[in-house]
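A.B. asks: Full structure from sequences and hints, please.
2 protein chains.
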Amino acid sequence: MAKPIILSIDAMGGDAGPDMVIPGAALAVERRPDLRFLIYGDTSVIAPLIKAHPRLEAACELIHTDVVVRMDDKPSQALRAGRWKSSMWKAIEAVKTGQAMACVSAGNTGALMAMSRFCLRGLGDVQRPAIAAIWPTTRGESIVLDVGATVGADARQLVDFAVMGAAMASAVFDLERPKVGLLNVGVEEIKGVEQVKDAAKMLRAANLPGLDYAGFVEGDDIGRGTVDVVVTEGFAGNIALKTAEGTAKQIAQYLRQAMTRSLLAKLGYILARSAFDRLREKMDPRKVNGGVFLGLNGIVIKSHGGTDAEGFASAVELGYDMVVNDLMAKIAQGISNYHRAGGSLDLAVAEAGED
Amino acid sequence: MAKPIILSIDAMGGDAGPDMVIPGAALAVERRPDLRFLIYGDTSVIAPLIKAHPRLEAACELIHTDVVVRMDDKPSQALRAGRWKSSMWKAIEAVKTGQAMACVSAGNTGALMAMSRFCLRGLGDVQRPAIAAIWPTTRGESIVLDVGATVGADARQLVDFAVMGAAMASAVFDLERPKVGLLNVGVEEIKGVEQVKDAAKMLRAANLPGLDYAGFVEGDDIGRGTVDVVVTEGFAGNIALKTAEGTAKQIAQYLRQAMTRSLLAKLGYILARSAFDRLREKMDPRKVNGGVFLGLNGIVIKSHGGTDAEGFASAVELGYDMVVNDLMAKIAQGISNYHRAGGSLDLAVAEAGED
Numbered sequence: 001m002a003k004p005i006i007l008s009i010d011a012m013g014g015d016a017g018p019d020m021v022i023p024g025a026a027l028a029v030e031r032r033p034d035l036r037f038l039i040y041g042d043t044s045v046i047a048p049l050i051k052a053h054p055r056l057e058a059a060c061e062l063i064h065t066d067v068v069v070r071m072d073d074k075p076s077q078a079l080r081a082g083r084w085k086s087s088m089w090k091a092i093e094a095v096k097t098g099q100a101m102a103c104v105s106a107g108n109t110g111a112l113m114a115m116s117r118f119c120l121r122g123l124g125d126v127q128r129p130a131i132a133a134i135w136p137t138t139r140g141e142s143i144v145l146d147v148g149a150t151v152g153a154d155a156r157q158l159v160d161f162a163v164m165g166a167a168m169a170s171a172v173f174d175l176e177r178p179k180v181g182l183l184n185v186g187v188e189e190i191k192g193v194e195q196v197k198d199a200a201k202m203l204r205a206a207n208l209p210g211l212d213y214a215g216f217v218e219g220d221d222i223g224r225g226t227v228d229v230v231v232t233e234g235f236a237g238n239i240a241l242k243t244a245e246g247t248a249k250q251i252a253q254y255l256r257q258a259m260t261r262s263l264l265a266k267l268g269y270i271l272a273r274s275a276f277d278r279l280r281e282k283m284d285p286r287k288v289n290g291g292v293f294l295g296l297n298g299i300v301i302k303s304h305g306g307t308d309a310e311g312f313a314s315a316v317e318l319g320y321d322m323v324v325n326d327l328m329a330k331i332a333q334g335i336s337n338y339h340r341a342g343g344s345l346d347l348a349v350a351e352a353g354e355d
Numbered sequence: 001m002a003k004p005i006i007l008s009i010d011a012m013g014g015d016a017g018p019d020m021v022i023p024g025a026a027l028a029v030e031r032r033p034d035l036r037f038l039i040y041g042d043t044s045v046i047a048p049l050i051k052a053h054p055r056l057e058a059a060c061e062l063i064h065t066d067v068v069v070r071m072d073d074k075p076s077q078a079l080r081a082g083r084w085k086s087s088m089w090k091a092i093e094a095v096k097t098g099q100a101m102a103c104v105s106a107g108n109t110g111a112l113m114a115m116s117r118f119c120l121r122g123l124g125d126v127q128r129p130a131i132a133a134i135w136p137t138t139r140g141e142s143i144v145l146d147v148g149a150t151v152g153a154d155a156r157q158l159v160d161f162a163v164m165g166a167a168m169a170s171a172v173f174d175l176e177r178p179k180v181g182l183l184n185v186g187v188e189e190i191k192g193v194e195q196v197k198d199a200a201k202m203l204r205a206a207n208l209p210g211l212d213y214a215g216f217v218e219g220d221d222i223g224r225g226t227v228d229v230v231v232t233e234g235f236a237g238n239i240a241l242k243t244a245e246g247t248a249k250q251i252a253q254y255l256r257q258a259m260t261r262s263l264l265a266k267l268g269y270i271l272a273r274s275a276f277d278r279l280r281e282k283m284d285p286r287k288v289n290g291g292v293f294l295g296l297n298g299i300v301i302k303s304h305g306g307t308d309a310e311g312f313a314s315a316v317e318l319g320y321d322m323v324v325n326d327l328m329a330k331i332a333q334g335i336s337n338y339h340r341a342g343g344s345l346d347l348a349v350a351e352a353g354e355d
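In the order they appear, the protein sequences are chains A and B.
With full-length UniProt numbering as the guide, the letters of the first sequence map in order to residues 1 to 355.
With full-length UniProt numbering as the guide, the letters of the second sequence map in order to residues 1 to 355.
Hints may contain errors.
Chain copies aren't distinguished; within one or between two, either way the pair holds.
The calculated lysine-lysine pairs, modelled on DSSO-like cross-linking and capped at a C-alpha distance of 27 Å, are [claimed, not checked]: (1) K201 / K179; (2) K51 / K3; (3) K266 / K249; (4) K201 / K74; (5) K96 / K330; (6) K197 / K74; (7) K330 / K3; (8) K266 / K282; (9) K287 / K249; (10) K249 / K282; (11) K287 / K330.
Hints were generated in silico from the structure; no laboratory data involved.
C.D. replies: The following block contains the structure:
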């Protein structure tokens, strides 16, 4: 039998906590029988829930923790109250010590990122971590990063994001040389996007083996799937992600209203039921649940806090895929390629190369 | 008879140029009979087109210009080649001289903004102009600004945007005290959004009569219509706008695919046809075509370059509404209220007021 894939789970995270996390983990292990879990949380709550899932029970080890990071804790509060001892911390720490191959939590993003940075530290030359999201497109799926780890990024950091995003795309989508675009605004010559332009020069000059730099893309290119990886800083990335989610919900509501307005529409809806089901499935945010923290010494997957068991299972399976496809090694390789090829490549060099 | 509303039209702008602009203007004057136009462009092309629309012909004056600003001209090129003499410049200048009450162009955004700034200059204390878009929401419509006039904005500039956006909301939506939100990311305590936090303090401290400051909003609040006016800097605003457009197109494509996949789905589609038509109408980007340049000594409406006659007519009608509802006076009033009430309000004062 193949080596099992061991993930650490923060059972106390998410709006519904263990009531959502445990059934989610159970779903994942049914679909990926080689999964094993280290589950951290309040055993008095969790143990009875696990009893209902014999397969999960056989595949997990339960570790008691007293402290819970709340969904509205600020990162600094969470660190103060939860470091060394909360379920969130312990789950991250299991990745650091090598007991787990990746960590999954539906806890609050700010706290999870702060603890992950503190515990796992930055990977090699990477200055800043990023959160990468998988984004459904008309062509399939793309990766967008950073969707909210930090605000602002200089050219060097954007290049790091590009390299890490490409590594993730090669791991998840099995691409040799993923197409990478830098998110920009269409208007030429407006001020303030110097860092994006500089990153473009650096990527073009570096001409990396694992990354096909495809130029600037705009907001509407994301859903079109123009590139495999869309790179931006965390403020714009987070706003793009949330805006797309909001627009999808808005259109779903328009559609519901339209389809219940007349008898004919209702009848049409019933006949086209399976088509609507397929549409709903395509638009199901649970299917692409899970932001991946990149740029740390270990993989941490952030599940949506408000998701259900099915959504949490998706996040767990995303973690599983990352491990199986050797994401960490691919990122390390990409970063090292960049720093070898581009070497001490700085912008002056890149600009000289442009001429 | 009421005083006519006179708009200046750049007939040479847009991907299709006069072939789209002239029928668009004709549509608008049919729906708003008190419209009058000053139409700038190549008369040898335009005059024959106008002949086909007697009502438009009776309502317009045609002014010949030789120079055309191309859709891919950079702003600096456009200024160099087109200042004083292009159809775009002349249409803007008509607002400056008071011959027209507002200007409408489907020409390229960067050039139109550069010329508008150069010709009309900034309004009073407003440091930077913004482009405001009307955004359809599940509750109706909201205004989002800046969607791409400039990149980056400090706290003071964000407050200007808030005041101008509120004035526009009161003009367009007929609201006494529009709710205004600052676009932000959900994660607490992350760095780099100081200007957004500072703007929040300043808006709260100023407590303006024409603006109900409602706090931070996130990307998904835009489509939800949580506030009447969403304020952000131009990079994030442009990306939000384009991302929403891309998502809407993406879902429309999913829907088309789903509805043509099986016989039953096709039959259902036919029965629910009117519901789909209503949905299409709701999602029709032409209905909300037109970005309004705020913060200049005059109103300039930017129509989407790729729109059709119907879309251009919407942009013209938006300009009409702005004039009829006295947008310029409302903005001037809002800005003056702010500088009187908040007076020389700076952040130190705002912060003292917070304690």
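A.B. asks: Is it within, between, both or neither when you check K287 against K249 at 27 Å Cα-Cα?
C.D. replies: Classified as both: same-chain Cα gap 15 Å, cross-chain 20 Å, threshold 27 Å.
A.B. asks: How do K201 and K179 come out at 27 Å by Cα distance, when the copy is not named: within, between, both, or neither?
C.D. replies: Within one copy only: 16 Å inside, 42 Å across.
A.B. asks: Evaluate K266 and K249 at a C-alpha cut-off of 27 Å and name the case that applies: within, between, both or neither.
C.D. replies: For K266 and K249, the Cα distance is within 27 Å both inside one copy (20 Å) and across copies (24 Å).
A.B. asks: Are the CA atoms of K201 and K74 at most 27 Å apart within a copy, between copies, both, or neither?
C.D. replies: between (37 Å within a copy, 20 Å between copies)
A.B. asks: Within a copy, between copies, both or neither: which one fits K330 and K3 at a CA-CA cutoff of 27 Å?
C.D. replies: The answer is within: 20 Å in one copy meets 27 Å, while 70 Å across copies does not.
A.B. asks: From the Cα coordinates, with 27 Å as the cut-off, is the pair K249 and K282 best called within, between, both, or neither?
C.D. replies: Answer is both: 13 Å inside a copy and 14 Å across each meet the 27 Å cutoff.
A.B. asks: At 27 Å max between alpha carbons, let me know whether K197 reaches K74 within a copy, between copies, both or neither.
C.D. replies: between (34 Å within a copy, 16 Å between copies)
A.B. asks: Given a CA cutoff of 27 Å, do K287 and K330 count as a within-copy pair, a between-copy pair, both, or neither?
C.D. replies: within (24 Å within a copy, 47 Å between copies)
A.B. asks: If the cutoff is 27 Å on CA atoms, where do K96 and K330 land: within, between, both or neither? Let me know, please.
C.D. replies: within (18 Å within a copy, 59 Å between copies)
A.B. asks: Give the relationship of K51 and K3 under a CA distance limit of 27 Å: within one copy only, between copies only, both, or neither.
C.D. replies: within (25 Å within a copy, 79 Å between copies)
A.B. asks: Using 27 Å as the alpha carbon limit, work out where K266 and K282 are close: within a copy, between copies, both or neither.
C.D. replies: both (21 Å within a copy, 19 Å between copies)
Checked against the numbered hints listed earlier, the structure breaks none of them; every hint is satisfied.
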